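Let the hints inform the model, and build the full structure from the sequences given.
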Amino acid sequence: MPEELELIKRAAGGDDSAFEQLVNQYQKPVYNLAYRMCGNPDDAFDLSQEAFLNAWKGLKGFQFQSSFSTWLYRLTSNVCLSYLRSKKRKSAVSLVFLDDKEEEQEWEIPDSAPLPEEQAISKEERRQVESALNSLEVEYREALALSVYSDLSYQQIAEIQGVQEGTVKSRIFRAREKIRRIIQSGNNSSPSASNSAKGGGTV
Amino acid sequence: MTREDVFELMQEDIDGQISEDRKAMLLAALKTDPELNRYYNAYQDIQEGMIELEVEPPEGLARGVMYRIRNGDKKPRRFSFGLGTLAAAAVLLVVLVGSGVLKQISFKQAPSTPESAGQMNSVSFSMPAEAVSEMESENPEHASFEAAPESGTPLAETEEQELATEMTVNHKSENVQSDNLEESMLEPASAPSDSCLNDSLLSDAERKDADMPTAEEELKEKEVSILRVYLHGEKASDVAPDEFLYPFDQGYWFESTLENAYAFEASLPEVCEAEFDLTEEADEASLILVWLIED
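So the sequences go chain by chain: P and E.
The opening residue of the first sequence carries number 1 in our numbering; numbering runs sequentially from there.
The opening residue of the second sequence carries number 1 in our numbering; numbering runs sequentially from there.
Hints were generated in silico from the structure; no laboratory data involved.
The structure presented is a predicted model; accordingly, all values stated were derived computationally and were not measured.
The C-beta atom is built at its ideal place from N, Cα and C for all residues, glycine as well.
A short, non-exhaustive set of chain P residues, derived as facing chain E with CB atoms under 8 Å:
(1) E20
(2) Q27
(3) Y35
(4) S153
(5) I172
(6) F173
(7) R176
(8) I179
Printed below as a string of structure tokens:
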């Protein structure tokens with residue numbers, strides 16, 4: 001981390017070789033975040049570049065009030081959200097954004113409908129996971145991607161998304177639950193567990 | 001503990017953010033409830049699926065960023081072997097190679113300027129050796145760069161060599177500059193103007209905007225019948241009509257080229273520098289595409 005701090009300071013001072021090391025270090029999580037948010041590799045490529053360019057331009061003003069990674073992911077997120085909002089053409093991903101009113105802190109607990117016996121995600125079902133992921137609301141995809149690919153804490157994700165930590169946990173849970181339901185409904189014609197009941201009984 | 005609590009513990013565990021005592025609580029809950037256990041397994045499977053979806057960034061990402069930073073945010077010129085590029089080669093050669101040996105097909109905008117025409121008999125594209133080798137290694141079935149059989153060659157070998165060595169147009173960043181072109185021994189009947197050269201470098205979208213036929217339409221119009229590929233200055237492959245028209249959509253080796261588009265982009269700064277400045281590095285690898293028209 002001290003090395004990274006040094007790189008950041010040098011980059012902020014205009015040292016592009018230092019910034020290049022940061023780019024190399026962060027390009028994978030940034031690209032994966034952009035990929036999951038926008039849904040295709042070409043857009044992810046362009047948006048990742050834009051995010052890094054924004055970082056380069058904004059680095060002089062970086063105040064170290066948040067970690068560099070959190071700041072960089074927020075820049076990436078902003079670039080992607082801005083792009084998605086302005087996107088007119090048909091998209092491979094859901095462009096639905098969460099309505100503030102529908103954002104709930106409560107967790108929707110899956111009902112007790114039986115799960116398929118075979119729930120394991122096979123190689124083939126990875127495609128289903130991706131398809132289901134792409135159908136989620138942008139904020140859910142973002143939260144899940146930040147958790148899985150950037151290895152961030154709920155608190156850091158909350159900082160990036162500008163929401164409470166509980167909301168992040170809720171979003172990640174809902175994202176997984178939606179994916180589970182989509183996969184289940186795709187694999188099983190029997191009544192799915194899509195009817196959720198809000199938390200209740202005890203274990 | 002409510003079920004809600006257990007689901008929260010599940011997420012914390014899957015996300016690697018659970019404390020030891022809460023982990024113990026989760027395990028105890030899962031032990032007593034098979035249904036919760038199945039949910040937990042399902043979420044874990046989804047997590048594994050997500051992890052497997054993680055992708056490596058394209059090779060050119062970091063270099064592209066640094067190129068733009070070091071060049072005032074100027075985007076590197078995309079370099080791909082699309083139909084537009086191939087049509088450019090086709091049109092140039094068709095216009096220039098000409099009479100006696102090959103069927104002369106005039107370019108509709110081509111003026112008669114033999115002096116400049118003599119300098120343009122093929123089109124060369126430079127790419128880094130690593131990109132070429134990647135294409136070859138990743139597409140062994142398409143290793144036509146080195147070993148594809150000749151077919152339909154309308155020229156004698158010596159004439160082919162002449163074309164390969166003497167008919168070179170250096171493909172510049174934004175346009176083709178004739179002052180760096182080699183002299184040709186052939187005297188074509190007509191030659192394209194600079195604007196023709198520029199036009200031929202347009203993408204299909206740009207052609208459409210300019211109210212021009214697409215590259216594919218132009219190829220059909222010109223009855224281009226053989227694609228000749230030169231690698232490192234040596235002939236590597238002839239591609240028959242049904243192959244080079246088919247592949248663009250269906251995955252013959254040009255699609256494999258396109259699949260490596262990022263590899264090309266990755267090295268764009270170097271390629272551009274080598275090409276534009278005509279430094280020695282430009283000769284490290286050169287793929288020359290030549291369209292020939294059968295007599």
